Structures are given as C-alpha cells and as structure tokens.
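Just so we're aligned, residue 1 is where the sequence shown starts under the working numbering, counting upward by one.
Think of the hints as simulated: they come from the structure by calculation, not from any bench.
Please read all numbers here as calculations on a predicted model, not as lab measurements.
Yeah, the Cβ is synthetic: ideal placement off N, Cα and C, and Gly gets one too.
Warning: the hint list may mix true and false statements.
To be verified - Pairs of lysine-lysine residues, derived as BS3-like cross-links and limited to a Cα-Cα distance of at most 27 Å, are as follows:
no., residue 1, residue 2
1, Lys147, Lys68
2, Lys129, Lys188
3, Lys129, Lys59
4, Lys59, Lys98
5, Lys188, Lys147
6, Lys98, Lys188
7, Lys147, Lys129
8, Lys59, Lys147
9, Lys68, Lys98
10, Lys98, Lys129
11, Lys129, Lys68
To be verified - Label pairs and their in silico Cβ distance ranges:
no., residue 1, residue 2, range
12, Cys91, Ala218, 30 to 38 Å
13, Thr74, Lys98, 13 to 21 Å
14, Gln73, Ser220, 32 to 40 Å
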Amino acid sequence: MNNVITRHGRGPFRRPAAVALTVAAVASGLSIGVAPPVSAATTIQVTTTADSMNPFDGKTSLREAVQKANLDQTDTTILLAAGMTYTLTRCSNGPEEKNRWGDLDHWDTNWLFIDGGTGAQPIITTRCKDRHLDNLDTAALAIRNVKLTNGDAALDYYEFQWPTPDNAGGGSIESMGPVVVINAWFDKNRAFQDAPNPGVVPSATGGGIAANFVWAVASSFTNNASDDGGGIGDRF
Numbered sequence: 001m002n003n004v005i006t007r008h009g010r011g012p013f014r015r016p017a018a019v020a021l022t023v024a025a026v027a028s029g030l031s032i033g034v035a036p037p038v039s040a041a042t043t044i045q046v047t048t049t050a051d052s053m054n055p056f057d058g059k060t061s062l063r064e065a066v067q068k069a070n071l072d073q074t075d076t077t078i079l080l081a082a083g084m085t086y087t088l089t090r091c092s093n094g095p096e097e098k099n100r101w102g103d104l105d106h107w108d109t110n111w112l113f114i115d116g117g118t119g120a121q122p123i124i125t126t127r128c129k130d131r132h133l134d135n136l137d138t139a140a141l142a143i144r145n146v147k148l149t150n151g152d153a154a155l156d157y158y159e160f161q162w163p164t165p166d167n168a169g170g171g172s173i174e175s176m177g178p179v180v181v182i183n184a185w186f187d188k189n190r191a192f193q194d195a196p197n198p199g200v201v202p203s204a205t206g207g208g209i210a211a212n213f214v215w216a217v218a219s220s221f222t223n224n225a226s227d228d229g230g231g232i233g234d235r236f
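With these hints in hand, go ahead and build the complete structure from the sequences.
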C-alpha cells in the first residue's frame, strides 16, 4: 500500500495537550530559524561518516552522537555536515535496543533534534535490513533538512515496540513519541510483514515513519511502501 498517511485511532495512543504543545513548539521553532526550538543542553557535531563506535579515534559518528544523547539525558541537537552521506553498516542478526548494532536507538526522555543545517541535504542510509532510527521513549524527535533512504523495518517485527501486534512498522523511523520533520525527504523505505514468523504481526504501517503523532512541514515522502500507509503511519 502506498498512500502517504494512514491513521490508526484504535490503539492506546492519544494526543494529550502537553504533547500537542511540545510538537507545536518544536515545529514552529524549526520552521522559522536555524536554531533549535529550545536551547539544547548538548550540541554534538558529527565528524565522520563511518558507522563507528570507537571512543579512542578522536571522531564522532552519528551512532556515537545518539549514544551520547542517551547517556547525557539532556535535550540534544546532533549536527550533520551538508551534503555528506551517513551509512549505517553495523548490522545485527536480531533485535537489539542498545544502539550498538542495527538501527540507531534513542531511549532518553529528552528531545532529540537531528539537524542537517541549511545547505545540501545530508543523507542517512543503511546497508542493513533495518530502519534508521528507533525512538524508544515518548520524547519528541525532530529532524530537519535530512534525506533518509533505504530503511527496512522487517527485522524489527520481533521487538513488539507497540502494545498491540498490528502496530508494527516505520521503515525509516519508529517512535513512541511525537515526530516533527522539516524540509526532510523520506525515499525508498519499506515496512512489510515479511518476518520469518508471519503470524506474529498481521500488518505493518508507515513505510517512512510510524509514530503516535507526526508533524511534517515542507517534507517529501516518495517511493515508500508498507502493508498499510506508504509514507506515514500516524497512530494517535
């Protein structure tokens, strides 16, 4: 199925006022200026395109930046270099939620802002059969001026991220919290129920993003596909 947005109101997620205000603040802040919507306690510049976890090489990868955000437990902005390609290559053979293998795992309760700046879009892609990012807590996730491509959520159907089994999905991003995307491009991501145990997950939603709330501004969703909702699976 390749429609852009699918909403699943039957799940346990609802949009409380606090979440609505948080998303509105993030979106308005991202859309009108270069700075993040609130003052980030931590700003991390990614200095290598390698998908590395090496604290001794003097470089900071995207994966290491997300890990620092998890451990610092503060609002964090991660800065990507214009026009660079960040390829996730640390593939896993099964579910893993510690950010060392497979997709990037963010579990902090503070918001995470991945900023591609205002120049040529950086690209986040993957060589693994996995999505790009799993936002495991209810904190807001914001992404600006980044292209995310070739994500595949098939490996994650064992993880039971959502309280009901028919809520799997998110070929590029799966989030327990709200997601804001500004001037982003989600291309060629997929989320299909093709896990080795097909009885576990009846369907997958959101070839690009699956979240309890998604706010997309000036963003493109192209060539994404899933069982239910090609671009966005909005579960609120």
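Status of each hint after checking the structure:
About 22 Å separates the Cα atoms of Lys147 and Lys68, which keeps this hinted pair within 27 Å; it holds. For a cut-off of 27 Å, the pair hint linking Lys129 to Lys188 stands: about 13 Å separates their Cα positions. Between Lys129 and Lys59, the direct Cα distance comes to roughly 26 Å. Compliance with the 27 Å bound is thereby established for this hinted pair. Only pairs whose Cα atoms come within 27 Å are accepted, and Lys59 paired with Lys98 is accepted, the gap being roughly 20 Å.
Using a Cα cut-off of 27 Å, the hinted pair Lys188 and Lys147 holds, with the two alpha carbons roughly 11 Å apart. Proximity of Lys98 to Lys188 is assessed by CA-CA distance (about 26 Å); at most 27 Å being required, the pair is judged to hold. Taking the CA atoms of Lys147 and Lys129, the gap is near 18 Å; set against the 27 Å cutoff, the hint holds. Proposed proximity of Lys59 and Lys147 is supported: the alpha carbons are some 23 Å apart, at most 27 Å.
This hinted pair checks out: Lys68 and Lys98 have alpha carbons roughly 12 Å apart, not beyond 27 Å. Taking the CA atoms of Lys98 and Lys129, the gap is about 17 Å. The hint holds against a cut of 27 Å. Only pairs whose Cα atoms come within 27 Å are accepted, and Lys129 paired with Lys68 is accepted, the gap being roughly 24 Å. The supplied range of 30 to 38 Å is met by Cys91 and Ala218, whose beta-carbon atoms lie about 32 Å from each other.
About 19 Å separates the C-beta atoms of Thr74 and Lys98, a value consistent with the hinted range of 13 to 21 Å. Judged by the Cβ atoms, the range 32 to 40 Å given for Gln73 and Ser220 holds: they are separated by roughly 33 Å.
Of the hints listed earlier, there is not a single one the structure fails to meet.
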